[in-house]
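Please take these sequences and the hints and turn them into a complete structure.
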Amino acid sequence: MSVASSDSAVRMSRFTRTLIYLFLLLFALFYLLPLFVMVVNSLKPLSEITGGNMMALPQVWTIEPWLAAWSTAQIGVEPTGLRPYFWNSIKMVVPAVAISTILGALNGYVLTKWSFRGDKILYGLMLFACFIPFQMVLIPMARVLGVTGLAGSTPGLILVHVVYGIGFSTLYFRNYYAAFPTELVRAAQIDGAGFFRIFWRIMLPSSGPIIVVCVIWQFTNIWNDFLFGASFADFDSQPMTVALNNLVQSSTGVKEYNVHFAGAILAALPTLLVYIVAGRYFVRGLMAGSVKG
Amino acid sequence: MGFLDINNATKAYGSVEVLHKVDISVEEGEFLVLVGPSGCGKSTLLNMIAGLEEITTGEIAIKGETMNGVHPSKRNIAMVFQSYALYPNMTVGQNITFGLEMHGTPKAERDRAMNEVAEMLQITQLLNRKPGQLSGGQRQRVAMGRALVRNPDVFLFDEPLSNLDAKLRVDMRTEIKKLHQNLGTTIVYVTHDQIEAMTLSTRIAVMNGGYVQQLGTPKEIYDTPANIFVASFMGSPSMNLLSAKIRVEGDRAMADITQGEGTVSLAMTNAGPRLKTYDGQTITLGIRPESITDPDGADRHSQHIETIQARIDVTEPAGSDTFVTTTLGGKDCIARMRADADVRAGQTVDLAINMEKAIPFDPKTENRIA
Chain A
17 MSVASSDSAV RMSRFTRTLI YLFLLLFALF YLLPLFVMVV NSLKPLSEIT GGNMMALPQV
77 WTIEPWLAAW STAQIGVEPT GLRPYFWNSI KMVVPAVAIS TILGALNGYV LTKWSFRGDK
137 ILYGLMLFAC FIPFQMVLIP MARVLGVTGL AGSTPGLILV HVVYGIGFST LYFRNYYAAF
197 PTELVRAAQI DGAGFFRIFW RIMLPSSGPI IVVCVIWQFT NIWNDFLFGA SFADFDSQPM
257 TVALNNLVQS STGVKEYNVH FAGAILAALP TLLVYIVAGR YFVRGLMAGS VKG
Chain B
39 MGFLDINNAT KAYGSVEVLH KVDISVEEGE FLVLVGPSGC GKSTLLNMIA GLEEITTGEI
99 AIKGETMNGV HPSKRNIAMV FQSYALYPNM TVGQNITFGL EMHGTPKAER DRAMNEVAEM
159 LQITQLLNRK PGQLSGGQRQ RVAMGRALVR NPDVFLFDEP LSNLDAKLRV DMRTEIKKLH
219 QNLGTTIVYV THDQIEAMTL STRIAVMNGG YVQQLGTPKE IYDTPANIFV ASFMGSPSMN
279 LLSAKIRVEG DRAMADITQG EGTVSLAMTN AGPRLKTYDG QTITLGIRPE SITDPDGADR
339 HSQHIETIQA RIDVTEPAGS DTFVTTTLGG KDCIARMRAD ADVRAGQTVD LAINMEKAIP
399 FDPKTENRIA
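Chains as they are written, first to last, in the working numbering: chain A, 17 to 309; chain B, 39 to 408.
Hints in this document: simulated from the structure, not taken from any laboratory. Any given hint could turn out to be false.
To be verified - Here are the in silico distance ranges between beta carbons for each label pair:
{"id": "1", "chain 1": "A", "residue 1": "Ala195", "chain 2": "B", "residue 2": "Asn46", "range": "37 to 43 Å"}
{"id": "2", "chain 1": "A", "residue 1": "Phe211", "chain 2": "B", "residue 2": "Asn106", "range": "20 to 26 Å"}
{"id": "3", "chain 1": "A", "residue 1": "Tyr47", "chain 2": "B", "residue 2": "Ser200", "range": "48 to 54 Å"}
{"id": "4", "chain 1": "A", "residue 1": "Ile36", "chain 2": "B", "residue 2": "Tyr51", "range": "31 to 37 Å"}
{"id": "5", "chain 1": "A", "residue 1": "Asp250", "chain 2": "B", "residue 2": "Tyr51", "range": "50 to 56 Å"}
{"id": "6", "chain 1": "A", "residue 1": "Phe132", "chain 2": "B", "residue 2": "Ser173", "range": "35 to 41 Å"}
{"id": "7", "chain 1": "B", "residue 1": "Asp351", "chain 2": "A", "residue 2": "Asp135", "range": "20 to 26 Å"}
Glycine included, each C-beta is placed from N, C-alpha and C at the ideal position.
Have a look at this one:
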C-alpha cells in the first residue's frame, strides 16, 4: 500500500496524506464552529434560541434579526440600529488608513533614500510607537484632543489612529524601501525629478504589495478598535464597535441574542471583506518587507 | 582649461579622506576611463562629477562653469548605472523620455527624440515593453538610450558592462566604442576591468587607495607604468616582477637574476641613466609575459633580445597562445608563446626576452626608475 520512495523526501504515503488532511479538516471545523453558531443563530427567531439548542439549524429561517440589527435595534437610548455607527466607522477608518499609509510611505522613503544624521535613531524611536500599549496614551491623548478642540469628533478619532498607526506603517515601508535600489532614485535625480516627483512617479507605483499589507493591517486595527472609540467619541461619532457593545449591553427589555449575533457579524464583515479581496497580497507583501529588510 | 575639469578635488566622510586631491582635465570628445580595484574611489569620483556626492574641497567644472553645489539635473550630464536603474513601472519609451518630461520638453519633441534614439540603438520594437520583460543586453541599450536622448555635455558610465555575460560584454564594448566614434561625445567611464579600460579609452586614470596613480593614454599606461601597482594592475596575465641585482659594467647596467643554482645576466638597454646609481642594489624588474617568448615568436623589430635557458614548470595552452610558467629570481614567471610552440612541462627550452620592454622599479618607493 505504501508507495513512498526513497528518492524524494516530499513524496509521502497515501496513509500519511489522509492523516494530514483529516487533522486539517478537524482544525478547520474547530475554527469555523463559532462562525457557524453565529450565522445559524442570527437566522433564527429568538424563541428558538431561548427554547434550547444553540447548535441546531433554524426551524424557521428569518432575516428579521439582521434587519433589526442594521436599522431598528435599541442602541443606548435610540432605536437606530447599527447603521449610523457603521457610517461613523467608515468615515473614521477610510481617512485614517489613507493618511497613515501615505505618511508611512513618505517616512520610509525619507528614512531610506534621503538619509540624514540621526535617521537610524529617529527610526528606532518611531518603532517604539508599535510597542506602546493603548491604555498608556489615553490621558495624554485626551488632553491633546481637548486642547485642539477635536475631542468627541470624528476628526479627533482620525488623529488618534493616524498617530498610533504611523509607527507600523513606517516600519513596513522603511523595510520595503530599504530593498528598493537607490540607483533608481539617483537616476531620477539626474533626470531632473524632485523629492515628491520621485515619490509619486517612481516609489509609489512600485509599492503595491506593501501598500496592501499596510492597508489591511491599519484597516483591521482601526476598525476593530474599541478603547479609543469608547474613550474619545461622542454620541454622534461613536464607531461600530462601541455601538455593538451598547447593543449587547443594553439593560432594558429582553436580550435579543439573534439580533446580537447578526450585529456582531455585521461589525466583523468589512475586515473579512478586506482580507478576502486583498489577502493573497498580504503574505506576499509581508514576506517582501521582512525578508529583505 | 579643458571641457571637464577636476581641480584638486577631495572627498572626505567625517575625518576619513577617501579621495585625495584628484586633478584631471578632460578635453571635449575624450573617452576617459577611471580604472582600479574596488574601493579605490573611482565610483565616488564619478558620483562627484554627477553631483550625487558632494565635493569636500576643490572644484569640478564643466565647460568652464563650476559645478560645486549644482543639482545633478542642472549639470547637463547623463549617467548609465551598473544596474541600469530602469524605472520598473514605466515602459521603455517612458523610461527614455522621463528626463525630457521632467525638463518640460513638449510631448511632440519628446517622441521625436525617443524615436531617433530608439532607431539608433535598434530598440524601436521594445518601446512599449516594461524593463522586466527585457534581456540584459536590451536593458543595457535602453539605459544608454535614456542617456543619449538628453544630448548631454558629458556621459558618465558606472561599470555598465559588469552585469552582462562574457560574450555580450565584448559586443557591447564594441558598440560603446562605435557610439563614441560616431557621436564624438565626452565620456567618463568607470570600470574595474583593465581590458575595458585599454580598449575603450583615449585616456586612462589608474586609481588606487583614493589616489590617481597614473593618468595617460593606454599605450603610456601599458608601456611605461609609473609604479608597480599600475604595472601589475594593467595587463593579463599580469607583469612578471622579478628581483634583480644591478651591476654596472662599463657604460651599461646589467641585471643579475638568480635561476636555480646559477644566475642569468640581462643587459638593461632601455633604462634611463638613473639605473646606474643603483649599482650593487636589488631592484624589481618588470617584464610582461608577451616579452618572454620562444625564440621564433620574438619581436623582430626589437633592438635587443636576450636568450636564456629555462626549465618549464607548467604549460597552459589557451588556444590563441600557450602560457608557460618557469622559475626566475625565485618566483613564478609567466611567458607567452605561440599557440603551436612545442613545449612540455619539465623540458628545458630557450626563452627570448625582449629587453626593450623590461622596466626597472625601485623596490622601496615602488616607482619606475626613469
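Consistency of the hints with the structure:
no. : hint                            : verdict
1   : A:Ala195 x B:Asn46: 37 to 43 Å  : holds (38 Å)
2   : A:Phe211 x B:Asn106: 20 to 26 Å : holds (21 Å)
3   : A:Tyr47 x B:Ser200: 48 to 54 Å  : holds (52 Å)
4   : A:Ile36 x B:Tyr51: 31 to 37 Å   : violated (56 Å)
5   : A:Asp250 x B:Tyr51: 50 to 56 Å  : holds (55 Å)
6   : A:Phe132 x B:Ser173: 35 to 41 Å : holds (38 Å)
7   : B:Asp351 x A:Asp135: 20 to 26 Å : violated (57 Å)
The structure shown violates the earlier hints numbered 4, 7.
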